[in-house]
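Here is how the chains run, residue by residue.
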Amino acid sequence: MVVETLTNDEIDRIFHALADATRRDIVQRVIHEEQSVSTLARAYDVSFAAVQKHVAVLERAHLITKQRHGREQIVHSDMGTLGRAERLLRQYQDLWAGRASRMDALLAEDDETTTQNDPPSKGPTP
Amino acid sequence: MTTIDSTIDTDELTLTFVAEFDASPTRVWELWVDPRQLERWWGPPTWPATFVDHDPVPGGRSNYYMTGPEGERSGGWWQFTSVTPKDGLTFDDGFSGPDGVPNESMPTTHSSVALEPLNGDPTKTRMTTVTRFESLDQLEKLLEMGMREGMALAMGQIEAILLD
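So the protein sequences, as listed, match chains A and B. Going by the UniProt record's numbering, the residue at position 10 of the first sequence is 10; the numbering climbs one at a time, nothing skipped. Going by the UniProt record's numbering, the residue at position 139 of the second sequence is 139; the numbering climbs one at a time, nothing skipped.
Careful: at least some of the hints might be erroneous.
[Claimed, not checked] Distance windows between CB atoms, simulated:
#: 1; chain 1: A; residue 1: 59; chain 2: B; residue 2: 114; range: 37 to 43 Å
#: 2; chain 1: A; residue 1: 28; chain 2: B; residue 2: 46; range: 26 to 32 Å
#: 3; chain 1: B; residue 1: 5; chain 2: A; residue 2: 112; range: 40 to 46 Å
#: 4; chain 1: A; residue 1: 59; chain 2: B; residue 2: 55; range: 27 to 33 Å
#: 5; chain 1: B; residue 1: 48; chain 2: A; residue 2: 22; range: 40 to 46 Å
#: 6; chain 1: A; residue 1: 9; chain 2: B; residue 2: 141; range: 30 to 36 Å
#: 7; chain 1: A; residue 1: 60; chain 2: B; residue 2: 33; range: 46 to 52 Å
#: 8; chain 1: A; residue 1: 71; chain 2: B; residue 2: 46; range: 48 to 54 Å
#: 9; chain 1: B; residue 1: 73; chain 2: A; residue 2: 43; range: 37 to 43 Å
#: 10; chain 1: A; residue 1: 105; chain 2: B; residue 2: 72; range: 47 to 53 Å
#: 11; chain 1: A; residue 1: 32; chain 2: B; residue 2: 121; range: 54 to 60 Å
[Unchecked claim] Once the Cα atoms are required to be at most 25 Å apart in a straight line, the calculated DMTMM-like pairs of lysine to aspartate or glutamate come out as:
#: 12; chain 1: B; residue 1: 124; chain 2: A; residue 2: 110
#: 13; chain 1: B; residue 1: 124; chain 2: B; residue 2: 5
#: 14; chain 1: B; residue 1: 86; chain 2: B; residue 2: 30
#: 15; chain 1: B; residue 1: 86; chain 2: A; residue 2: 25
#: 16; chain 1: B; residue 1: 86; chain 2: A; residue 2: 20
#: 17; chain 1: B; residue 1: 124; chain 2: A; residue 2: 104
#: 18; chain 1: B; residue 1: 86; chain 2: B; residue 2: 116
#: 19; chain 1: B; residue 1: 141; chain 2: A; residue 2: 86
#: 20; chain 1: A; residue 1: 53; chain 2: A; residue 2: 20
#: 21; chain 1: B; residue 1: 86; chain 2: A; residue 2: 86
#: 22; chain 1: B; residue 1: 124; chain 2: B; residue 2: 11
#: 23; chain 1: B; residue 1: 141; chain 2: B; residue 2: 72
#: 24; chain 1: B; residue 1: 86; chain 2: B; residue 2: 121
#: 25; chain 1: B; residue 1: 124; chain 2: A; residue 2: 86
I should point out that these hints are in silico values taken from the structure, not numbers from a laboratory. As the structure is a computational prediction, the values presented were derived from the model and not from experiment. For each residue, glycine too, the CB sits at the ideal point set by N, CA and C.
From just these sequences and the hints, can you work out the full model?
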């Protein structure tokens, strides 16, 4: 199973989606229990269309999913994509990416040493 | 450096990480076996690692600690299960107490590292590391122990806030 890390665009979409109090509240509500768009519209005393807009922003950030159920649109949490095992393994993957880039930086110092004709005994700079 | 592949297996709790380096396997091997070089890349700059002992021979052990921004220390140990110079090694990685004494009751991480010339070019290296965890609690603790970096952490925090 190959899981790609989040791209900058995806991160931007997540932060943008969560930068709004109503949208954060929608995510919190649907984590506990799925909600229809019309229930959410009543909860915030805003128009159906306004809630639909919020839901669309959250959907693009992969924080929620929407399913049509008869005449209703039901909003579910999509936090399963950030399930614990996957989230922790992804963090560990980032850790390795950091290590590999530090290894690469150390190896690049070898080249600099060669180019500048520094004595190899000079050792690494702190 | 190119990360050519990174695979996570949520059922087996395994991460396979492949990177390519513009240096020979002999040179990359030094980064693993020389403790002073190992210290410069194992921990992130905010949590540098210090290897008190490092004995990369079969059955050999290493003791290390990582120092956090507030001066706090998290300790760990390695035990090498196989070592083949320039080609690779396998080791178990566990936690130690603040006194540096291995905590044998905690689960260990099993890691393997393989180095090979990239497409037959002896001046370049493909490094494949496979890390297997025994439990998610263990992985979580490892990440808490100063190893966390990057955006994935922020994602975890967002999730924690939302689930609050």
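Status of each hint after checking the structure:
The supplied range of 37 to 43 Å is met by residue 59 (chain A) and residue 114 (chain B), whose beta-carbon atoms lie about 42 Å from each other. Roughly 31 Å separates the CB atoms of residue 28 (chain A) and residue 46 (chain B), a value that falls within the hinted 26 to 32 Å. At roughly 29 Å, the beta-carbon separation of residue 5 (chain B) and residue 112 (chain A) lies outside the given 40 to 46 Å, and the hint is violated. In this structure the supplied range 27 to 33 Å is violated for residue 59 (chain A) paired with residue 55 (chain B), their Cβ-Cβ distance being about 54 Å.
Checked against the hint of 40 to 46 Å, the pair residue 48 (chain B) and residue 22 (chain A) passes, with Cβ atoms roughly 43 Å apart. Residue 9 (chain A) and residue 141 (chain B) have their C-beta atoms about 32 Å apart, which keeps the hinted 30 to 36 Å range intact. The hint said 46 to 52 Å for the Cβ distance between residue 60 (chain A) and residue 33 (chain B), and at roughly 48 Å that hint holds. For residue 71 (chain A) and residue 46 (chain B), the Cβ-Cβ distance of about 53 Å falls inside the hinted range of 48 to 54 Å, so the restraint holds.
In this structure the supplied range 37 to 43 Å is violated for residue 73 (chain B) paired with residue 43 (chain A), their Cβ-Cβ distance being about 48 Å. The hinted window of 47 to 53 Å between residue 105 (chain A) and residue 72 (chain B) is violated, with their beta carbons roughly 26 Å apart. Between residue 32 (chain A) and residue 121 (chain B), the C-beta spacing of about 55 Å keeps the proposed range 54 to 60 Å intact. In summary, the hint linking residue 124 (chain B) to residue 110 (chain A) is supported, as the alpha carbons are separated by about 14 Å, within the 25 Å threshold.
Under the criterion of a C-alpha separation no larger than 25 Å, the hint pairing residue 124 (chain B) with residue 5 (chain B) is consistent with the structure, at around 17 Å. The hinted pair formed by residue 86 (chain B) and residue 30 (chain B) meets the criterion: a straight-line CA distance of about 8 Å does not exceed 25 Å. With a C-alpha separation of about 54 Å, the suggested pair residue 86 (chain B) and residue 25 (chain A) falls outside the 25 Å cut-off, and the hint is violated. This hinted pair does not check out: residue 86 (chain B) and residue 20 (chain A) have alpha carbons roughly 53 Å apart, beyond 25 Å.
Distance restraint check for residue 124 (chain B) and residue 104 (chain A): the Cα-Cα separation of roughly 12 Å lies within the 25 Å cut-off, and the hinted pair is therefore satisfied. The suggested pairing of residue 86 (chain B) with residue 116 (chain B) holds, with an alpha-carbon distance near 8 Å, which does not exceed 25 Å. Restraint check: the Cα-Cα separation between residue 141 (chain B) and residue 86 (chain A) comes to about 15 Å, which is no more than 25 Å; the hinted pair holds. Of the supplied pair hints, the one linking residue 53 (chain A) and residue 20 (chain A) holds, its CA atoms being roughly 12 Å apart against a limit of 25 Å.
At most 25 Å may separate the alpha-carbon atoms for a hinted pair to count; residue 86 (chain B) and residue 86 (chain A) exceed this at roughly 32 Å. A C-alpha spacing of about 33 Å is found between residue 124 (chain B) and residue 11 (chain B), which places the hinted pair above 25 Å, so the restraint is violated. At roughly 15 Å between alpha-carbon atoms, residue 141 (chain B) and residue 72 (chain B) fall within 25 Å of each other, so this suggested pair holds. Straight-line distance between C-alpha atoms of residue 86 (chain B) and residue 121 (chain B) comes to about 15 Å, which keeps the hinted pair within the 25 Å bound.
With a CA separation close to 31 Å, the supplied pair residue 124 (chain B) and residue 86 (chain A) exceeds the 25 Å bound.
Hint violations for this structure: numbers 3, 4, 9, 10, 15, 16, 21, 22, 25, all remaining hints satisfied.
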